[in-house]
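Student: Put chain B on the given structure of chain A with help from the hints.
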Amino acid sequence: MRLARLAGAFALGVSVLAAGSLAASAAELTMWVRASGANAAQHLVDLWNTKHDDKITLTVIPDDQMVTKLATGVAAGDVPDIISFDLIYMPDFMKAGFLEDLTDFLNADPNQAKVAQAYKDLASYEGKLYGTGFTPDVSILMWNKDLFKKAGLDPEKGPTTLAEVHEDAKKIRALGGDIYGFWFSGACPGCNIFTMSPLMVASGAKILPKTAEDEPLQGPGVEEVLQFYRDMWSEGLIPASAEADNGQNFVGNFKTGKIGIQGAGGFLISDLKRDVPDMNFGVTFLPGINAGQKSSFVGGDVVAVPKGSKNLDIAKQFIAWQLSDEGQLEGLAKNNILPSRADLSKNQYFTDPRVVTTAEAIGLGYVPWVFHFNDMVNSNSSPWIQMIQTAVFQGDVKGAVATAKDAMKSIASE
Amino acid sequence: MNAVRSRYIGLLYVAPAIVFVAVFVAYPLGRLVWLSLTNASLLGGARFDGINNYIRAWKDATFWTSLGFTIKYTLYITPILMGLGFLAALLTAENTPLKKLTRGVIFLPVVIGLGTSSLLWWWLFDQQVGLFNRALIDLHVLSEPIVWFTHAEVALWAVIISVVWKVVGFGMILFVSNIQGIDREINEAAMIDGASYWQRVGRIVLPLSYRTILLATLISAIGSMLAFEQFYIMTAGGPQGHTFTSVYWIYQNSFVFFKLGYGSALSVILTLIIVLGTAMQIFLTRRRERT
Numbered sequence: 001m002r003l004a005r006l007a008g009a010f011a012l013g014v015s016v017l018a019a020g021s022l023a024a025s026a027a028e029l030t031m032w033v034r035a036s037g038a039n040a041a042q043h044l045v046d047l048w049n050t051k052h053d054d055k056i057t058l059t060v061i062p063d064d065q066m067v068t069k070l071a072t073g074v075a076a077g078d079v080p081d082i083i084s085f086d087l088i089y090m091p092d093f094m095k096a097g098f099l100e101d102l103t104d105f106l107n108a109d110p111n112q113a114k115v116a117q118a119y120k121d122l123a124s125y126e127g128k129l130y131g132t133g134f135t136p137d138v139s140i141l142m143w144n145k146d147l148f149k150k151a152g153l154d155p156e157k158g159p160t161t162l163a164e165v166h167e168d169a170k171k172i173r174a175l176g177g178d179i180y181g182f183w184f185s186g187a188c189p190g191c192n193i194f195t196m197s198p199l200m201v202a203s204g205a206k207i208l209p210k211t212a213e214d215e216p217l218q219g220p221g222v223e224e225v226l227q228f229y230r231d232m233w234s235e236g237l238i239p240a241s242a243e244a245d246n247g248q249n250f251v252g253n254f255k256t257g258k259i260g261i262q263g264a265g266g267f268l269i270s271d272l273k274r275d276v277p278d279m280n281f282g283v284t285f286l287p288g289i290n291a292g293q294k295s296s297f298v299g300g301d302v303v304a305v306p307k308g309s310k311n312l313d314i315a316k317q318f319i320a321w322q323l324s325d326e327g328q329l330e331g332l333a334k335n336n337i338l339p340s341r342a343d344l345s346k347n348q349y350f351t352d353p354r355v356v357t358t359a360e361a362i363g364l365g366y367v368p369w370v371f372h373f374n375d376m377v378n379s380n381s382s383p384w385i386q387m388i389q390t391a392v393f394q395g396d397v398k399g400a401v402a403t404a405k406d407a408m409k410s411i412a413s414e
Numbered sequence: 001m002n003a004v005r006s007r008y009i010g011l012l013y014v015a016p017a018i019v020f021v022a023v024f025v026a027y028p029l030g031r032l033v034w035l036s037l038t039n040a041s042l043l044g045g046a047r048f049d050g051i052n053n054y055i056r057a058w059k060d061a062t063f064w065t066s067l068g069f070t071i072k073y074t075l076y077i078t079p080i081l082m083g084l085g086f087l088a089a090l091l092t093a094e095n096t097p098l099k100k101l102t103r104g105v106i107f108l109p110v111v112i113g114l115g116t117s118s119l120l121w122w123w124l125f126d127q128q129v130g131l132f133n134r135a136l137i138d139l140h141v142l143s144e145p146i147v148w149f150t151h152a153e154v155a156l157w158a159v160i161i162s163v164v165w166k167v168v169g170f171g172m173i174l175f176v177s178n179i180q181g182i183d184r185e186i187n188e189a190a191m192i193d194g195a196s197y198w199q200r201v202g203r204i205v206l207p208l209s210y211r212t213i214l215l216a217t218l219i220s221a222i223g224s225m226l227a228f229e230q231f232y233i234m235t236a237g238g239p240q241g242h243t244f245t246s247v248y249w250i251y252q253n254s255f256v257f258f259k260l261g262y263g264s265a266l267s268v269i270l271t272l273i274i275v276l277g278t279a280m281q282i283f284l285t286r287r288r289e290r291t
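These protein sequence lines are chains A and B, in that order. The opening position of the first sequence corresponds to residue 1 in our numbering, with each subsequent residue numbered one higher. The opening position of the second sequence corresponds to residue 1 in our numbering, with each subsequent residue numbered one higher.
It should be emphasised that the hints constitute simulated quantities derived from the structure, not laboratory data. Any given hint could turn out to be false.
[Stated by the list, open to error] Straight-line Cα separation of at most 25 angstroms, BS3-like style, residue types lysine-lysine; simulated pairs:
#, chain 1, residue 1, chain 2, residue 2
1, A, Lys258, A, Lys145
2, A, Lys409, B, Lys59
3, A, Lys157, A, Lys145
4, A, Lys310, A, Lys69
5, A, Lys405, B, Lys59
6, A, Lys346, A, Lys145
Isolated chain A (complex conformation) (with noise of 0.2 angstroms):
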């Protein structure tokens, strides 16, 4: 009996003792995501520490912070394990070396291999991979079916030529008072990078310089898209506020219902379910000058390790965990969150076409590969914006895009 209960108390011991071990062994790490991707990146570290004994925190960091706060990081030797932020960045952030090389890890894993081409393109330097993607968004068209019917016009069969969107709306803003055709937002260079260039680009245009002898804004779809804005617009088919509004109001005036058709991004769907349940709406790809041009604008965040991480092996594992089935079903389809991986665009939880519709947008979606891109595109001071109103506002396309290319190089040669 005494033997028993001393064989039942070493058990008790060795077992505690192991217990202690394994929670000694579980690992605490941290993550840094930026505001506009917390919502996704909380969803897929939930189930991560559901599943794992190593747990990550989540820090939600500013969107206009993120670079400051990692280059501080970074040169102060005081980094997360893992980091997610605006994939714009990630060509700058090669460049300055913050990044761990994750080439040999990320090729062997077969599921980067279904992931968005746009997303494997951007992580790419000089034949290194330095992450992947994470949480996306991706730019798509949307109208407002109520007002199309309203408008005597189809409301199942959205817009597929800039030409049909010009007709469209014009029938729509026909309707009179404050209903217009179209909705963009004339002050905000990141809204119209992500809705307007899409457009250029299914036209078959090449939007921004990688290198200083590159040639930006070529093709004719620059000009055809800027002058059928600028129609738009001197027609009224747009309200006034739309050259002010510097992204404010990106969406708001979607949701009030009184306006036809805007380029959105796929985070408006659960947006637009949630706040106005009752509006009929419709989704469908950014298009081009003729029948059949279609694009999109990859957004949404990557992920990788900061040159620095305490535990990179373990953050290897979380990347891997979220390219797999179970954190791109489980972890985002599940929540109405797009996956990164083209190949699950149609998956068992998007039931509503209009999500497959922006998923699908993913795989067939650029982004640009450029240095400086604040200073050609994201800056309220950038040649970007200043093409977009110089050519829409005051009708000058051809001079307005004359200057914007001067521009570009020249920062493009910085």
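Tutor: Just chain B now, with coordinates in the frame of chain A:
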């Protein structure tokens, strides 16, 4: 021996202040000047670059345009703030319950953050849902709503209105404390001599508020020369970059374009301009005071 000793003791007394200034003013300023002589990037790396950043600043049309815009903003808003602040102080200087309440109401926006108030006004000025347009239409000032941020001049006035609402209470409080500090007997003597209200304001209150006016003007002018949040939130530099202030342009270069070295050079130039402007203002005011 005693003199030397007392000098050391004196130094000991001021040592904390010297250390404070050295750590929080001299070192950052020195570092700023050093950075301005490099090609430092926010993404790391800095190489000595001589005065290239200053040469570049000389040729940077946007910087000079933004500086011109900032000076214009300062010249517009400073007299408005001083005038309205002084008038509000005249109206509320006495300590009756109603005037105390009025002072509190006018001062209330001062405690709101500038970012918050700018966002609030951005919505108030909105063409479609903003109450400001609605009020102007109801008052028959406008026939239809206007888009406030489409034209630089209109956008500037929209920002001025929002900042005046936010800041005017601060000047008022300074003036109130000054007016309340004026000896009651001086006013009473003037009243016995038959001086009207405005004569007393012009001949007694204003001259005796000279130092407060100088202080309030300096604070207001320096604050306006460093304007950033209100334009960042309300105009985002638009339309077409016409409402960039100097600090906004420095921010753009340093944190959006990652050019820390160049941003530092612009900061040094702006600091020098503000120091020179302030010195000139103090010099002119003192000379006037002496005459």
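Student: Against this structure, judge whether each hint is valid.
Tutor: Hints, one by one, checked against the model:
1. Taking the CA atoms of Lys258 of chain A and Lys145 of chain A, the gap is near 11 angstroms; set against the 25 angstroms cutoff, the hint holds.
2. Between Lys409 of chain A and Lys59 of chain B the alpha-carbon distance is near 18 angstroms, which keeps this suggested pair within the 25 angstroms criterion.
3. A C-alpha spacing of about 9 angstroms is found between Lys157 of chain A and Lys145 of chain A, which places the hinted pair at or below 25 angstroms, so the restraint holds.
4. Taking the CA atoms of Lys310 of chain A and Lys69 of chain A, the gap is about 18 angstroms. The hint holds against a cut of 25 angstroms.
5. A hinted pair counts as satisfied when its Cα atoms are at most 25 angstroms apart, and Lys405 of chain A with Lys59 of chain B qualifies at roughly 20 angstroms.
6. Taken as a hint, the Lys346 of chain A and Lys145 of chain A pair is honoured in the structure, with Cα atoms around 24 angstroms apart against an allowance of 25 angstroms.
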